[in-house]
Amino acid sequence: MPAYTLTETQRAAIYRHDCNIAVSAGAGSGKTFILTNRFLALLEARPEWRLNQIVAITFTQKAAGEMRDRVRELLLAKAAETGDEQWQARLNEMDSARIGTIHSLCASLLRANAAVMGIDPDFAVLDDAQSLLMRQNAVEDSLRDLAGMPESVLTLFDEYDPQLVINTLGESLRFDMRDLPPNLFERWNQAYEFALQQTIRQLTHTELVAAARDFGFEGINGSDKLTEVWHECAGHMRALSSSDPETAFNALRALSQARVGNVGGGGVWGDVKSYRAVLIGAVAACKEAFATLGDAPNDNDARAALLLEGWRQAVTLAGDHYQRLKDAAHALDFDDLELKTRELLAIPEVAARYDGAEFQHLLVDEFQDTSGAQWHIVRALANPQRAGALFIVGDPKQSIYRFRGADPTTFEQAQRAIIGSGGLSLSLDESFRSHQPLVGCFNAAFSRILIRDELSPVARYQSTLGMPMHAHRVQPPCDEAAIELCLYNPKRMDEANSEERRVWEAQTIARQIQTLISSGRPCYDKTQHITRPLNYGDFAILFRGMRYVTLYETGLRDAGIPYVTLGGRSYYDRPEVWDVLHLLIALHNPNDELALASALRSPLFGFSDEMLLALRMPDGDRARPTLWRALMAGSRRISETDQETAAFARKTLQKLSDLSGRISVAELMQLALDETGYLAILTALPDGARRRMNVEKLVSLAMQPAAASQSISTFTHTVQNLTELEVRESEAVVSVEGAVQIMSVHASKGLEFPAVIIADAANVGRRGSPELLLNDPDLGWVCRLQRSDDSDETPQAFAYRRAAYLEAQRDDAESRRLLYVAATRAQDLLIVSGEDKSDKTDWVSLLRSGLQIEAAPSEDQAYEEIPFQGDWGTGRLIFPEYTVDERPAARRRAIAPFSMPETNITPEMPPLLTPLPTYQPRIQGVRATALAALSDFVFAEPSQRLFMHTRWRAENLQSGAHTISRAVAMPGRISGVIIGELIHRALRWDTTAELQADLLERLQSEAWEMGLIREQDRIAAARQAYKAMIAVRKSAVYQQVLTAKQCFRELPFVLQLGRHTIHGTIDVVLQRNDGTWALIDYKTAAAPSQQAERDTLQVSVYAHAAAELLVLDDMDVYIHYIRSNQTIEIARASWQQAFTGIEQAISEIISEDDPAR
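In this note's numbering, the protein residues as written are 111 to 1267.
One or more hints might be untrue.
Unchecked claim - No more than 25 Å apart at the CA atoms, straight line, and that leaves these computed lysine to aspartate or glutamate pairs for DMTMM-like: (1) Lys1144 to Asp205; (2) Lys1144 to Glu203; (3) Lys1155 to Glu847; (4) Lys450 to Asp437; (5) Lys450 to Asp465; (6) Lys172 to Asp445; (7) Lys1137 to Glu203; (8) Lys947 to Glu969; (9) Lys1155 to Glu183; (10) Lys172 to Glu847; (11) Lys172 to Glu862; (12) Lys636 to Asp539; (13) Lys636 to Glu862; (14) Lys397 to Asp922; (15) Lys1144 to Asp179; (16) Lys807 to Asp1191; (17) Lys950 to Asp922.
Simulated from the structure, these hints should not be mistaken for laboratory data.
Starting from the given sequences, assemble the full structure and let the hints guide the process.
Quick look at the structure:
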């Protein structure tokens, strides 16, 4: 942020320390600036406080890291400015700074008070994916106890699809259903009467209903059918206000059944259409109100109450199993952290030890995204009754994490508590992000979009705009429209399906980006404080949901626009992830034709359509075999050139099938990747680095302890659940510089971009099947009744109907806030793209209403631009041209099932996926890690070459038997191989900013995954690895890593060497500040004097691969031996000479001939 004079509000937020403060910070108002400068001001005003007595709570680890960095920068600047040793001392305290998430704070409190809470201080913290895996295991365990459960539990499996029950249990056991209240039916009757009163009170204050009810018929000449209907409806509307609930209910029911029709004559009414519209609107409002309310509790509710008892017992049983699994693993999930911390701080002497003592001041960022439980924790650590204890900052308009437990009402609760104890409520209403026309546009639109209906049953969840914002930057960078609504008329696209429309929209967006860049559209560069032309890196494309993101990626890719997809929920839908999952599914169930065909046709095996068709064709009069059997038996119909590919697939699948169920899913996946060279193949494809990392992330998920015992079917089902349940998983992150960024709106929170495109804006989000169980804040637990076989829809119990209605209303309120977050990411230009559906609740319709845009496209114009005005400036409405003849074919998302008719007609190719890259017949691949053993063969004595030859082939080609030594446990001793691998893994991390304790804990977690079960072994291994890492960090070669201009860690490669393909990963390739390049290979083997010559062979491959990948003419090559902490530089002539003999060595060792001959 540029230097400027602080406003009175900002000054108070930074320098008022004598009272508690709640700050409402609008989008782009500089709240991070306020937080970090307040942190510094507190240190300056209270020199007697230790730095870690100021606690800062952020929403994410990333935000915590950024805040820590900013505080450090401020301290550095202060130390340099003043030369005071006090600030240098503060800098030295930064390693102990308490800046982190609420969950990290809870974890540290619980570890410090483990004895009080009776828990293991070394407990692990389960993330969302780990928790889901463990919950599914708990559900599976609990199902074994079903036989002994009451009839009410077994009834669940009669009422619902068993898989739905299992899924629901997995989600619901996070909550406690033990205290389900008695007399549910009676409670629901009371709730119905209250809901009826709420509904009628809201309805009678509706403008149309009031107008119809109080219509005086002045100026109406005579009577007709419309006057008759009107009088009848008006009577019922007046009866709605009756004090008798039954009378009011009957009136509402009558209005829900009323029909107005096309009645009324101009001779009586004059402008009859306008009058009739008033009555029709009023009756429609009554119909909608009754639909949300329905009949009073009846037999359906009695049935639901019985089912809820079954749910209570089933959830409690599964919850007990989940708790036992967590106890056995010494693990807590996020809910446990909050619950146990609340229990800890409920102990008066513990709370007193922190509030006003160990913790002098609490700063809480993004307070609008906290939950009620988190507010209890904050209040216990910084009592609002203690002046100067608490500072919270947030924006209720940006509360968008209700699915994570965030309660948008919490901010107002905390605000009232602070004001009630004599504190201040401040508003930051100056935007340092957007220019004034755009800020004015946001004020105008969201003053109508963000509204609170005080009569609504969910009023407390609705947000208002509050104080309008004003811009620090008054002038825009150009006179062009700052907001564009690019809308697609569905009537012109009626021949296109939804996927085709999105493909076309993606292409239109790509053209818009290219046009803006080629025209030199200016933007303001906040970093350099200049106006410059837009480039690709200035654009962000935001989505409400990431379900269709691949279609938009394709549009950018086809246009040659660089992009990177960040955040969101698209990870588990990625094609490379599903390639591996399809393979697992096929191994579990070879009769799953779709999964097997998808795996064979993927880059795993590279089958062509012709090969798949040949396998599916019957042989003579015999019945057509399954795809698996046809592959295993071989087919003469496959061309001679493709037989090698088919043989490889047959051999690989048979081997994997034999091991399926005998080794873990993670081991099976890793073996499949090694056998097929899939990671190397992905690396060679467009966008290969991200594809590879996505697959590696899937393997990491399978390596979690909770997944270790899962079967293939359970694991694949887990991944499907992670998609459906929307666990927040992002793709592996790669560089975003100079590329359009694609992300979900949630992932964009806290970010800003010169140009923002909200794509697919008419999409109202994924609406899956209704949940079986809901836990409503007002009604408590309710359950859905399953659809009957003989009806289209089962009538639901009142409690469930009401809960579902209230949930939909809360969702609508959050959807409006999500739109606000999306729009306010824009600094200079906002483009909203989507169908013009007039759906009232979709974002396009909301913005049209908010900006009061009524313009519609002309019937006879293919392309149209219509300007619209506001007090804030000018916007532009665009209706692009859509030509059906040029409509791009939609990309299919799944391979079509194979079904060939039993006829003599020559079959045609079934429609499959879009063509994959053409693969050459498979040639022998070699993993780069196998080159180390190849060195043993090359340098072996003649008498040892046969042994080395046989061992290498057995280990790398699986082509021969070899003796497997029996593993012998060595108490008190940890294998050097394990230590080496642990160090190697750790060197892949960027750990320079991690505390010793955090890094040791992370190393212990890795040691667990590597098989060190005993705690003392894990601790010992972590300490040895940590000690070695410290030594490595002090080495001269590692200093090059720290000071590098560019640094690539774990760089994957594929190197073609004659007939052979070598694939692997290079530890480090870096560019120094002087422009020269260096390659570093870490070794955990013996001393260099024994190994350097042998290791040169492997490193020579890395050097050639790096030169080819990065187009380098020269580089320095180093091998760093970790155990001896020595670095050897390999001369260019040495590694080039070693490289010349590799192809011959590989050919020789792959050959089945005796090397001694």
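Given the hinted pair Lys172 and Glu847, is their alpha-carbon gap at most 25 Å? Holds, at roughly 18 Å.
Would the pair Lys172 and Glu862 pass a check requiring their Cα atoms to be no farther apart than 25 Å? Since the Cα atoms of Lys172 and Glu862 sit roughly 16 Å apart, the hinted pair holds (cutoff 25 Å).
Is the Cα-Cα distance between Lys450 and Asp437 25 Å or less? Between Lys450 and Asp437 the Cα gap is close to 14 Å, so the pair holds against 25 Å.
Does Glu203 lie within 25 Å of Lys1144 when you go C-alpha to C-alpha? 22 Å, holds
Would you mind confirming whether the straight-line C-alpha gap from Lys450 to Asp465 stays at or under 25 Å? Roughly 17 Å between the alpha carbons, so the hint for Lys450 and Asp465 holds.
Sort out whether Glu847 lies within 25 Å of Lys1155, counting only the CA atoms. 14 Å, holds
For the pair we were handed, Lys950 and Asp922, check the Cα-Cα distance against 25 Å. This hinted pair holds, its Cα atoms lying about 11 Å apart.
Given the hint that Lys807 pairs with Asp1191, test it: the Cα-Cα distance must not exceed 25 Å. 23 Å, holds
Is it true that the CA of Lys947 sits at most 25 Å from the CA of Glu969? 16 Å, holds
Taking 25 Å as the top limit, are the C-alpha atoms of Lys1155 and Glu183 close enough? 21 Å, holds
Against the 25 Å threshold, does the CA-CA distance of Lys1144 and Asp205 hold or violate the hint? At roughly 19 Å apart (the allowed maximum being 25 Å), Asp205 and Lys1144 satisfy the hint.
If you draw a straight line from the CA of Lys1144 to the CA of Asp179, is it 25 Å or shorter? Since the Cα atoms of Lys1144 and Asp179 sit roughly 23 Å apart, the hinted pair holds (cutoff 25 Å).
Of the numbered hints given earlier, the model fails none.
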